[in-house]
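Student: These are the residues of each chain, in order.
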Amino acid sequence: MTTQVEAVKAERSLGGRIVSVLSGTAVRVFLAVVALFWLVPTIGLLLGSLRTSEDMAESGWWKVFSTPSQMTLDNYTNLLKDETITDSILSSIMITVPATLLVVIIGSLAGYAFAWMEFPGRDWWFLGVVGLLVVPVQVALLPVSKIFGAVGIFETTVGVVVFHVAFGLPFAIFLLRNFFAEIPRELLEAARLDGAGELRLFFRVVMPLGAPAIASLGIFQFLWVWNDMLIALIFADSESPPITVALQQQVRSFGDNVQILAPGAFISMVIPLAVFFAFQRQFVSGVMAGAVK
Amino acid sequence: MASANAGGTPDAVLPPVPNRKSVTGTRKGMAVLFLLPALVLLGALVLYPIGYSVFRSFFDKSGDFTAFGNYKTLFTDDTILTAVKNNAIWVAVAPTLATGLGLIFAVLTERIRWGTAFKLVIFMPMAISMLAAGIIFRLVYESDPDRGVANAVMVGVHDTFAESSAFPQAHPSTESPLKSAGGGAFITREPVSAGTPVVLPLTGVAPDNMPDGAESAAAAKPDPDKVTGTAWQDFTRGEGRGKMNAPDKTEFGYAGIKVEAVKDGKVVASTEAAGDGTFALPEAADGAQLRFPASNFREPYNGVDWLGPTLITPAVIGSYLWIWVGFAMVLIAAGLAGVPRELLEAARVDGANEWQVFRRITVPILAPVLAVVAVTLMINVLKIFDLIFIIPPNSSKDDANVLALQLYNSAFLDKDAGVASAIAVLLFLLVIPVMLFNVRRLRREGRR
Chain Z
1 MTTQVEAVKA ERSLGGRIVS VLSGTAVRVF LAVVALFWLV PTIGLLLGSL
51 RTSEDMAESG WWKVFSTPSQ MTLDNYTNLL KDETITDSIL SSIMITVPAT
101 LLVVIIGSLA GYAFAWMEFP GRDWWFLGVV GLLVVPVQVA LLPVSKIFGA
151 VGIFETTVGV VVFHVAFGLP FAIFLLRNFF AEIPRELLEA ARLDGAGELR
201 LFFRVVMPLG APAIASLGIF QFLWVWNDML IALIFADSES PPITVALQQQ
251 VRSFGDNVQI LAPGAFISMV IPLAVFFAFQ RQFVSGVMAG AVK
Chain L
294 MASANAGGTP DAVLPPVPNR KSVTGTRKGM AVLFLLPALV LLGALVLYPI
344 GYSVFRSFFD KSGDFTAFGN YKTLFTDDTI LTAVKNNAIW VAVAPTLATG
394 LGLIFAVLTE RIRWGTAFKL VIFMPMAISM LAAGIIFRLV YESDPDRGVA
444 NAVMVGVHDT FAESSAFPQA HPSTESPLKS AGGGAFITRE PVSAGTPVVL
494 PLTGVAPDNM PDGAESAAAA KPDPDKVTGT AWQDFTRGEG RGKMNAPDKT
544 EFGYAGIKVE AVKDGKVVAS TEAAGDGTFA LPEAADGAQL RFPASNFREP
594 YNGVDWLGPT LITPAVIGSY LWIWVGFAMV LIAAGLAGVP RELLEAARVD
644 GANEWQVFRR ITVPILAPVL AVVAVTLMIN VLKIFDLIFI IPPNSSKDDA
694 NVLALQLYNS AFLDKDAGVA SAIAVLLFLL VIPVMLFNVR RLRREGRR
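Here the protein sequences line up with chains Z and L, keeping their order. Quick note on my numbering: the first sequence kicks off at 1 and runs consecutively. Quick note on my numbering: the second sequence kicks off at 294 and runs consecutively.
A few of these clues could be false.
Unchecked claim - Derived list of chain L stretches under chain Z, where covered just means 3 residues or more per stretch with a C-beta under 8 angstroms from a C-beta of chain Z:
no., segment
1, 337-351
2, 417-425
3, 517-523
4, 700-709
Please keep in mind that the hints were generated in silico from the structure rather than gathered at the bench. No experiment lies behind these values; they were computed from the predicted model shown. Glycine included, C-beta positions come from ideal geometry on N, C-alpha and C.
With these hints in hand, go ahead and build the complete structure from the sequences.
Tutor: Right under this line is the structure:
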């Protein structure tokens, strides 16, 4: 009896193994095709950006596989000579760096206050901030443009930065408050006994311990601002727009200017992709946590 | 989404959390100092605009009170109504597909060794801007199959299974021995006979568009047992038609064109022309009329008009999936890592097949994760702007319209603050359930 059962089991597992080998191959082929689907658009942009506009008008980017001699860096050298593009990269940096630093600093201060300070209604205030997480930026576009107009920072770099900071804060506070709250109380008490004041405690103990969360937040906010087009479209100085808006202006005459659009888009992707590959873990955790925005 | 597990619950709901009492003693002034910058910014730029939008939405473009007039406009104006409908399609379709694909990829990658590399590839588009993705897909969707890769693939697949014709524009000239046979086919006016070579001149194909293998046209040799002839391009660029109705060295043969011999409406023989345009049919064709079937002249398949008015929304949703499936996949994979292996093994030992394990165990356990992913994507899709600003060409912009784009147009192009505010309020109302859900979840987690 037992041997029979064993035999049946063995048979089934053999059959199962054959099936799983077959389906394993099918799965591999399927996923390989999917990966190809995901890669081809970006490869197309890259290879397209390396061809002259005449070649692009005549045939698809895949022709470079049969005639690799078509590849040239001319589009890139021309683009980097074009001041509107180089200036726009500079503008992007001028917007992104302060918008990231300010969100980290202001968010950390508030996150610490919500985690470790005592004041009436603390947790209610915090819930209010959490509620603001999902407010669409669209709600604020028109009212804030009026406020900025009244204050005199509409269509300035300062305005774009301030807008990004305000809408970056709910997530920053949410993330940092939760992280700071996990810091062991003993560490803070020890520092306190050593005579550290509130500010010292914040800068010397809380900020260093919060580094992992701050890194995730910083990377997320940096990419968010760098990749933004809508807010810059409305609030940035039209004389010195960031790279996304500069490229968007080119899209209007799509077709005649692939030699600017394709390499331009690729240049705008270089920094995010570098950040992505360098800080995969922080990037993923930042994007995961911040996707509610 | 981030670990939100410690504290965070109003005292009214919870017993006070003793271990997070200030370690520095209570100095309210200090707390105000720490909170002030954040609260001022949030109050002025996030909270106040909500109130302002609600208020402004009850007044028309010029500032006169209209009660719900602007909201009525949202559902009566054609362009805005398209935006409402498209948004509904987006919210229903995009998150579902992204979550479904994310689930499939997450489950399948568990079984391969290069799963991490695969995830990296799928997640990569999350790093780049929607603008760059828009430009990428504008190129992908170019309608000319010689330029846009989507149509190049479509045409490639199509032509593998269905023969394409080589001579879409070819037609006989007025003095030709051929006449139209209806439906795009051409037929000889007179019956042909064996031993007398037939000439079948056509025009209309540019020399560069001649199929591979086309050679200088040649007159066919007479063969008493066969019907022979030549089908060729009776026209030379620059020189016009050399000798009319006679093959010429400078003219090209219609390599591969199909020729049928028709007697009493029935095809009795058929063949294809050689590179020089010559062909030979068996004796059975004697006395028949020769016909070029319509398949020779059918317009070539050119793929799909992705950026045209009918397909534009699905096309843009496609580009959205390219970006966001990676997000869904990574979140679901993280959830999947928490599914107890023993449970799956036990089911397999009990004889469940892979599909049953997936359907009956994996999916139910993952349901909360799937819900969070889908809801997150719904909020995201509600605000979709950049892709629709970039991908549709002007001709199909209105057909691709969505609320976020309409809000931008109303506010900054039409300068209609009333309608813009009404759209803003509508978007805000739609996220309120999620807002409440977030707050409640946080309170629940604090209670644990």
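Student: Each of the hints needs a verdict: does it hold here or not?
Tutor: Taking the hints in turn, this is what the structure says about them:
Coverage of the segment 337-351 of chain L by chain Z holds. Counting CB-CB distances below 8 angstroms, 10 residues qualify, and the rule asks for three or more. Proximity of the segment 417-425 of chain L to chain Z, defined as three or more residues with a beta carbon under 8 angstroms from a beta carbon of that chain, is established by the 9 residues found. Residue count for the segment 517-523 of chain L with a Cβ under 8 angstroms from a Cβ of chain Z: 0. That is fewer than the three needed, and the coverage hint is violated. Under the rule that three or more residues need a Cβ within less than 8 angstroms of chain Z, the assignment of the segment 700-709 of chain L holds, with 4 such residues.
Checked against the numbered hints given earlier, this structure breaks only hint 3.
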